[in-house]
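Single-letter residue listing:
Number of protein chains: 2
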Amino acid sequence: MEALEQKILSEGQVLPGNILKVGSFLNQQIDTPFMLELGKEIANRFKADGVTKILTIEASGIALSFAAAVYMGVPIVFAKKSESANVSGRVLTAPIHSYTHGNDYTAVLPADYLSANDRILLVDDFLATGEALNGLFALAKAAGAEVVGCAIAIEKGFQNGGDDLRKKGVRVESLAIIESMGSDSLTFRR
Amino acid sequence: MEALEQKILSEGQVLPGNILKVGSFLNQQIDTPFMLELGKEIANRFKADGVTKILTIEASGIALSFAAAVYMGVPIVFAKKSESANVSGRVLTAPIHSYTHGNDYTAVLPADYLSANDRILLVDDFLATGEALNGLFALAKAAGAEVVGCAIAIEKGFQNGGDDLRKKGVRVESLAIIESMGSDSLTFRR
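Sequence lines, in order, name chains A and B.
According to this note's numbering, numbering within the first sequence proceeds without interruption in unit steps and concludes at 208.
According to this note's numbering, numbering within the second sequence proceeds without interruption in unit steps and concludes at 208.
Hints were generated in silico from the structure; no laboratory data involved.
All values reported here derive from a predicted model rather than from experimental measurement.
Among these hints, one or two may not hold up.
Pairs involving identical chains hold if they fit within one copy or between any two copies, as the list cannot separate such chains.
Taking lysine to any residue pairs in the SDA-like style, the calculated list, with each CA pair at most 25 Å apart, reads [unchecked claim]:
hint : residue 1 : residue 2
1    : Lys98     : Gln31
2    : Lys98     : Asp49
3    : Lys65     : Val126
4    : Lys159    : Ser28
5    : Lys185    : Ser116
6    : Lys99     : Lys185
7    : Lys159    : Gly68
8    : Lys159    : Phe43
9    : Lys159    : Ser42
10   : Lys58     : Ala129
11   : Lys65     : Tyr89
12   : Lys39     : Ala161
13   : Lys186    : Asn135
14   : Lys65     : Val32
15   : Lys98     : Glu149
16   : Lys39     : Ala134
17   : Lys39     : Thr70
18   : Lys185    : Ala163
19   : Lys39     : Ala66
20   : Lys98     : Leu183
21   : Lys185    : Asp202
22   : Lys58     : Phe43
23   : Lys65     : Leu54
24   : Lys65     : Glu55
25   : Lys39     : Leu110
26   : Lys98     : Pro128
27   : Lys39     : Gly107
Excised from the complex, chain A in its bound form (with noise of 0.2 Å):
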């Protein structure tokens, strides 16, 4: 999406340790009117899939996730991150490896908020090495719903999480993929 990779271009930063700061209007401030502009094209590569609910991990891909909700016109549910699964009332549970802090978490939602006939959509800010997908992937799984792709702002790509995903046949759409990343340079694969 030509948009994104502008605003990755004029806006983002390459820090140390392969991050990429687009915390000016992706994440901790959020440009509205560009971050609706994304979910609107999340909605229209999804349209045809009958999707009946996003799914997502806090706090980062809430604001991402509600912008495509609002063109698909379906709830969003996120799963929490805990130290323990230490929660009331029945929940699924995934173990999650950060490889961005380096520490391990699990992530917790409710079981009443997916059901085996709802049909997922994954949505997350970021894509790198794919733990965070994979643990939105296992409870999916363990609620016995469909997931129908992955819908991710920027994909990086040399991280190889998105290609792992879609050779398991996953469809992962990303509205950016950063091909290499350096302090003076950054390409998108095209």
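Assemble the complex: chain A is given as a structure, and chain B must be docked to it using the hints.
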């Protein structure tokens, strides 16, 4: 707001410890069209106030903030909850005590995301003792920004955080105010 009161009565659950669980539509699962209605109502109440930015705190304030921002056409920024203020770059921080979880944390926001020219609307899903809002006030003040008011989905009137702010002259608009709450009864302030 009548529609929110009805939704609380039909889908909310009162749990021990004065906890009102509305995760099925307002928090962990989000009823997107309904959330947009709440956002539209907030935008309407603050349409004359020249709001330039919405400030909230992760994670459950993000969706409501985004819904309001859709109708106000402004960016949102959210403070992150950190055990420490150990974040790179120049940041604004404020200590917050969580009544619900019984712990203390630090609200952290990159200093670049608020300026002295901003007219800030604080948004959150819940207002009880007001600890989170007071932390957001402190962040706005640290940036020299003006807070034009607070917009809340559900205020627990009996926990006094909202009235304490109103006594100080702060404009607090809550879409539903719970006057009293028990396992088999729930009354709203009218």
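Checked hints:
no. : hint            : in the structure
1   : Lys98 - Gln31   : between (28 Å within a copy, 20 Å between copies)
2   : Lys98 - Asp49   : both (24 Å within a copy, 17 Å between copies)
3   : Lys65 - Val126  : neither (28 Å within a copy, 37 Å between copies)
4   : Lys159 - Ser28  : neither (39 Å within a copy, 29 Å between copies)
5   : Lys185 - Ser116 : within (22 Å within a copy, 44 Å between copies)
6   : Lys99 - Lys185  : neither (28 Å within a copy, 37 Å between copies)
7   : Lys159 - Gly68  : within (18 Å within a copy, 46 Å between copies)
8   : Lys159 - Phe43  : between (32 Å within a copy, 22 Å between copies)
9   : Lys159 - Ser42  : between (34 Å within a copy, 20 Å between copies)
10  : Lys58 - Ala129  : neither (29 Å within a copy, 30 Å between copies)
11  : Lys65 - Tyr89   : both (9 Å within a copy, 24 Å between copies)
12  : Lys39 - Ala161  : between (34 Å within a copy, 22 Å between copies)
13  : Lys186 - Asn135 : within (23 Å within a copy, 50 Å between copies)
14  : Lys65 - Val32   : neither (34 Å within a copy, 38 Å between copies)
15  : Lys98 - Glu149  : both (15 Å within a copy, 22 Å between copies)
16  : Lys39 - Ala134  : between (37 Å within a copy, 24 Å between copies)
17  : Lys39 - Thr70   : between (32 Å within a copy, 23 Å between copies)
18  : Lys185 - Ala163 : within (21 Å within a copy, 50 Å between copies)
19  : Lys39 - Ala66   : neither (33 Å within a copy, 34 Å between copies)
20  : Lys98 - Leu183  : within (23 Å within a copy, 30 Å between copies)
21  : Lys185 - Asp202 : neither (31 Å within a copy, 53 Å between copies)
22  : Lys58 - Phe43   : both (16 Å within a copy, 22 Å between copies)
23  : Lys65 - Leu54   : both (16 Å within a copy, 20 Å between copies)
24  : Lys65 - Glu55   : both (15 Å within a copy, 23 Å between copies)
25  : Lys39 - Leu110  : between (31 Å within a copy, 18 Å between copies)
26  : Lys98 - Pro128  : both (10 Å within a copy, 23 Å between copies)
27  : Lys39 - Gly107  : between (37 Å within a copy, 12 Å between copies)
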